[in-house]
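Participant: For the sequence shown, UniProt numbering gives the first residue as 1, with consecutive numbering after it.
Since the hints were made in silico from the structure, they are not lab data.
Heads up, some of the hints might be wrong.
The calculated lysine-lysine pairs, modelled on DSSO-like cross-linking and capped at a C-alpha distance of 30 Å, are [claimed, not checked]:
1. Lys121 / Lys11
2. Lys25 / Lys121
3. Lys25 / Lys83
4. Lys124 / Lys11
5. Lys50 / Lys11
6. Lys25 / Lys124
7. Lys2 / Lys124
8. Lys48 / Lys124
9. Lys121 / Lys2
10. Lys50 / Lys2
11. Lys50 / Lys25
12. Lys48 / Lys11
13. Lys124 / Lys50
14. Lys2 / Lys25
15. Lys121 / Lys48
16. Lys83 / Lys11
17. Lys83 / Lys48
18. Lys11 / Lys25
19. Lys48 / Lys25
20. Lys50 / Lys83
21. Lys83 / Lys124
22. Lys48 / Lys2
23. Lys2 / Lys83
24. Lys121 / Lys50
25. Lys83 / Lys121
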Amino acid sequence: MKVLVPVDGSKCSMRALGFGADFAKRFDATLDVVHFTDSPGSDTERLKGKVEEVLEAEGLQTETEVIGDVRLDNLKASDQVGKDILELVEDRDYDHVVMGHHGTGRIGKFLLGSAANTVSKSGKVPTTIVP
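Generate the whole structure from the sequences, applying the supplied hints.
Facilitator: Structure follows, in structure tokens:
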């Protein structure tokens, strides 16, 4: 089983990551963490640190890019993050998506709230939305 958790550094996405890590452990699944960035100046290193903290709290060993059975990607986002996530689900054959119900910032809350809605309503893959 392959599980995808899109994160943006918000508290909501970090809660989703914790849930996704626990879910992946329980079902012996591979966990991929993806960060869609809308600007080249995004603080990717800080986000990697947050991701590693959450995963370590869940008892998973971490490395820089590959974290045991966890992969962390930083991808360029379009203006439709939900569609970006669905394309990734299809391209990489994910079995489940775990994501927060909204993201950060004035645009982030709209985009990722919209993204959660887009992904969950697609019916392409089971989706868990974490508040």
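Participant: Hint by hint, say whether it matches the structure.
Facilitator: Hints versus structure:
no.: 1; hint: Lys121 / Lys11; verdict: holds, 23 Å
no.: 2; hint: Lys25 / Lys121; verdict: holds, 26 Å
no.: 3; hint: Lys25 / Lys83; verdict: holds, 27 Å
no.: 4; hint: Lys124 / Lys11; verdict: holds, 26 Å
no.: 5; hint: Lys50 / Lys11; verdict: holds, 10 Å
no.: 6; hint: Lys25 / Lys124; verdict: holds, 23 Å
no.: 7; hint: Lys2 / Lys124; verdict: holds, 14 Å
no.: 8; hint: Lys48 / Lys124; verdict: holds, 28 Å
no.: 9; hint: Lys121 / Lys2; verdict: holds, 20 Å
no.: 10; hint: Lys50 / Lys2; verdict: holds, 22 Å
no.: 11; hint: Lys50 / Lys25; verdict: holds, 19 Å
no.: 12; hint: Lys48 / Lys11; verdict: holds, 14 Å
no.: 13; hint: Lys124 / Lys50; verdict: holds, 29 Å
no.: 14; hint: Lys2 / Lys25; verdict: holds, 11 Å
no.: 15; hint: Lys121 / Lys48; verdict: holds, 29 Å
no.: 16; hint: Lys83 / Lys11; verdict: holds, 22 Å
no.: 17; hint: Lys83 / Lys48; verdict: holds, 23 Å
no.: 18; hint: Lys11 / Lys25; verdict: holds, 21 Å
no.: 19; hint: Lys48 / Lys25; verdict: holds, 20 Å
no.: 20; hint: Lys50 / Lys83; verdict: holds, 25 Å
no.: 21; hint: Lys83 / Lys124; verdict: holds, 12 Å
no.: 22; hint: Lys48 / Lys2; verdict: holds, 20 Å
no.: 23; hint: Lys2 / Lys83; verdict: holds, 19 Å
no.: 24; hint: Lys121 / Lys50; verdict: holds, 29 Å
no.: 25; hint: Lys83 / Lys121; verdict: holds, 11 Å
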